[in-house]
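S.K.: Residues per chain are reported as follows:
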Amino acid sequence: MDPKERVCADTWKNSSFSGNELPKKVPPDHQSFTNFNLQQHQQKWEDPSVLDYGIRIESQFPDFKQSFETPSSITCNANNQTKIVDQPDGQMNDSRDASRIQDWDPRAMLNNLSFLEQKIHQLQELVHLIVGRRGQVVGQSDELAAQQQQLVTADLTSIIIQLISTAGSLLPSVKHNLSSANPSISQFGHLGGATFPSGTNINGSVLPQTISGSKISDQSNQVDLTGNCRTEQNCPLEEHELKDEEDVDEGENLPPGSYEILQLEKEEILAPHTHFCTICGKGFKRDANLRMHMRGHGDEYKTAAALAKPNKESSSEPMLIKRYSCPYAGCKRNKDHKKFQPLKTILCVKNHYKRTHCDKSYTCSRCNTKKFSVIADLKTHEKHCGRDKWLCSCGTTFSRKDKLFGHIALFQGHTPAIALDEMKGSATGPSDRGENNEATNKVGYIGFNFGTNAPSGSGVQNAVDVKGSIDDPTGYFSPLNFDTCNVSGFHEFPRPPFEDSEICSKVHGLLLALAFVRTSKA
Amino acid sequence: MKKQKSSNEFIFNHFDLLSEEIVFAILDRLNDNPLDKKSFSLACKSFYAIESWHRKTLKPLRSEHLTAILNRYPYVTHLDLSLCPRITDNSLTVISLACKKMLRSIDLSRSTFFSHVGLSNLVLNCSNLVEIDLSNATELRDLAAAAIAEAKNLEKLWLARCKSITDIGIGCIAVGCRKLKLINLKWCLGIGDLGVGLIAVKCKEIRSLDLSYLPITNKCLPPILKLQYLEDLVLEGCFGIDDESLAVLKQGCKSLKTLDMSSCQNVSHVGLSSLTSGIGCLQQLILAYGSPVTLALADSLQKLSMLQSIKLDGCLVTCSGLKAIGNWCVSLREISLSKCMGVTDKGLSSLVTKHKDLRKLDITCCREITHVSIAHITNSCTSLTSLRMESCSMVPREAFVLIGQRCHFLEELDLTDNEIDDEGLKAISRCFKLSSLKLGICLNITDEGLTHIGMCCSKLIELDLYRSAGITDSSILAIARGCTGLEMINISYCKDITDSSLISLSKCLKLNTLESRGCPLITSLGLAHIAVGCKQLSKLDIKKCYNINDAGMIPLAHFSQNLRQINLSYSSVADVGLLSLASISCIQSMTILHLNGLTASGLAAALLACGGLTKVKLQSSFKLLLPQSLFQHLEARGCVFQWRDKVFQVCSIFTCHEIHQVFCYYFFIQA
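Going line by line, the protein sequences match chains A and B. So for the first sequence, the UniProt record's numbering puts the first residue at 1; every next one is plus one. So for the second sequence, the UniProt record's numbering puts the first residue at 1; every next one is plus one.
Please keep in mind that the hints were generated in silico from the structure rather than gathered at the bench. Each statement offered as a hint is correct.
Distance condition first, Cα-Cα at most 20 Å in a straight line; then the derived EDC-like pairs of lysine to aspartate or glutamate: (1) 204/B x 231/B; (2) 403/A x 193/B; (3) 401/A x 193/B; (4) 433/B x 487/B; (5) 539/B x 499/B; (6) 323/B x 334/B; (7) 45/B x 20/B; (8) 156/B x 80/B; (9) 257/B x 334/B; (10) 426/B x 448/B; (11) 389/A x 193/B; (12) 219/B x 402/A.
Please put together the full structure from these sequences, using the hints given.
M.R.: Written out as structure tokens, the structure is:
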């Protein structure tokens, strides 16, 4: 068996892995994920619709029942009920969103409280139901009973999760802590598992995205998981921010040595599949998919134990923070770089490596210009492609004007480019104007003949001067001169451009009359 | 002019000996009358050629002849097209091909009908362009701005009222024209923070920046205040700027000399103090129509140690505020309190007694001040050169004697709508430097007082006697004799004025503006004298001069070749008179209302014949009488029509009281 595969198999079979089989860079004693308490999150990696947790839940069910009376402890397992959790997810996101928008709105708080009240009632009903059923199921087969129980617990779990998350949203500081620092998260884990679901489920909505981009090498599988768990904590709701994961940790100031540095090889990073079937060799991106696949290989893989999520041993030992290094030499994210900035998670490593050191193989089908190396980036771009109307002369487009201006302010020689529609709009303008131009030029000529007292040759000079001119001052005292030039002007008077011939003739008549008056007066 | 010409013929050979440089030096001094250069060039062929080479500035009357003129004047560097309302892309192409790299400055502020295509040609061929004035080009869009951005050497750019240009266009200019020193973006409503911010980021050389009425906020202010050489900043009517945003600004522009924050309604003394705290060498501050002038405002501006001038027009003023301004350690040269509410004797007195170096004081419409204020002003500010105190109605007639007795350096005095009488005028006649005197609606003055002015104030250039009904011919005669340099006179509604006044005024050779509205005794004869004598006449108002008819127009058409603007309403001018005006090539504006003798066809002929018309005020009845195509054609030529629908007024003569009321109302509306 290929060592990789073996690791993989071990991992999911044993549900907790031994450090020996992990890459050597990872010291074994750091493989305790206990205080992280988030193995359950592995379910996040599953597509919500493809779940088969029945067995695992069954296996845990006794625990569950035991801890049933104390709601706080239930929550640890609650996450497994993904099918049901799925729905509250949305609700919680909503409530979370709302609380985000109107921070500490007392009205929202009231709403939350009434919601809590309602949920507690539901919970009570369910508990009554269970109590009642216990009496009935005695005669039934264990399996059937278990299934029914499972359904009921599922309901229970979902309600409790809702309760917890709503209660959590009452505290604005809680959610900040959840999404900010790791220590606080683990702290929460200790204080009461209660808060966890809220945090994780909220982030749940982002997960399918995250997963799509991940091609985890099996060796790093477990490491990856933990990493992703943390990612989930840090993942903001908006997906475009998810893309900035690399930048998220920019501000992080961990003193060197306070974290351990892991470096995956290029092949590991780029491997499409991280889980392989030990029987047929088929590769999978997620171990849950592999477990589903394994069911086809025989009944032994259908047992609860086989289908259970690889479970990790919990321990109280504090976990050392892990950071990742990019294998590309000379990269700022490489641990040998002078100003090394570590990457936070495996996903960050993958995205960073692909974005920075790989070809951009995904081209936008709409604009055929933008290229991406991470599919998620392409998808994000496609949502906005064509809507980016702010264009720079360098060809970069922006969805926001201020971003364009920031870009232009930053780069020498870049100018804003003018939208095409305006070009079209104004292209018709000049031609119209050209026509007008001709018409007026003609009339300008008319005006000219009238406006100057001198023969047309010197009329040009007339117009030249700032204040107009008297070309020949003596000319004014000679009536003959004055009249002849004017009359010549009249003869040259072309037909006015408007049709009203009556007016035209009248104008002509008047002009002649004027000439007459002038001669007679002189 | 003529003498020169005749002498040319005799000593023609001697003129040949003159070097070009000497002739150029002579030409440099021929600036008073534009006709002088004309006659010079007509002297002989060589003079003609020299004058053509010498001319640097050109202000053509018609765009049709651009090719010819530009060929004649190859060294023109400044082209002022403000008299050509119609400049098409073709015209711009002609200009660009003729002027090439010589052209440094072009004024297109009064022209329309050109587009980005023409501008692009212009900028491409005239690569040395330093100044472009594109104000009022409301049709221009970002493409035109992008065309201008190709003018890499541009230093001054006016884009006032270019409403269709957006941030994108101004962004192109900011990137393209790095050497910009002056940019005027007044009323460019399409430009916001981003565009202005980019200008400030990219054009580091900017000295003068006008951002009046732009929809900008504080966001663009930090880069503006970082401009190293900025001296003049106008933020008039920027409603988006408020105290809160100004408080954030810590850095001030060290080089700023003039700051205009008029009509910034959202800025109070708090914002002003934070804005001006970093501006050490501010010299002029304009806060018209802003927040009330209180003690706090005055104190917040106290730190401006170089301040020379402050304008607080239209503000609400408190006594303590004025007192605090008086206590500033700086000595102001110029204070304007025009149309301020709340200016009292006490406040004004405490202000003027401290600022003894005051040169200019504007207390227009400060209606509460009395004799006390005038006494204080004249006592302490003896070096005043300009005093504007229109409509200070509480000031008694005796006070004006003090002005004449104490302020001998006055050059500009506005006493419109005051109680001044002949004694006052007699005293004021001692201000022998007086160049502008406004005595409109001074109902107490008569010939006696004004004759003193005429005898003593020989430097008078502008005289306003609007509705000062006590004035007759004899004082105008004295003025015309004494003030030969008179350029502007308003004798409107001085109903006793007759032709003899005009005959005497015709001796004022520099007269360019004559307003004789509502003088029924004036006839065509008087006007003919003016036409013959005052060759510089460019603005004439003979509205309601019922006795002026065509006979007055014909000499006007012959001799007043500089006439630009004429108001003929209610006169007796008819078709022939109007048509004869067409021979004045630079006539631009006509107001032709209620001319009884005017027919539609006569009007049409006149309008067609006047090629340079840009503005015509007409009765709306003509709108229907004349074909629409005529108006369309004239509009395409660049003429704007204003239609008036007023009923014909039969010779209405107001009583003094009515006039006063109307005037007050007028100011009320203005304020």
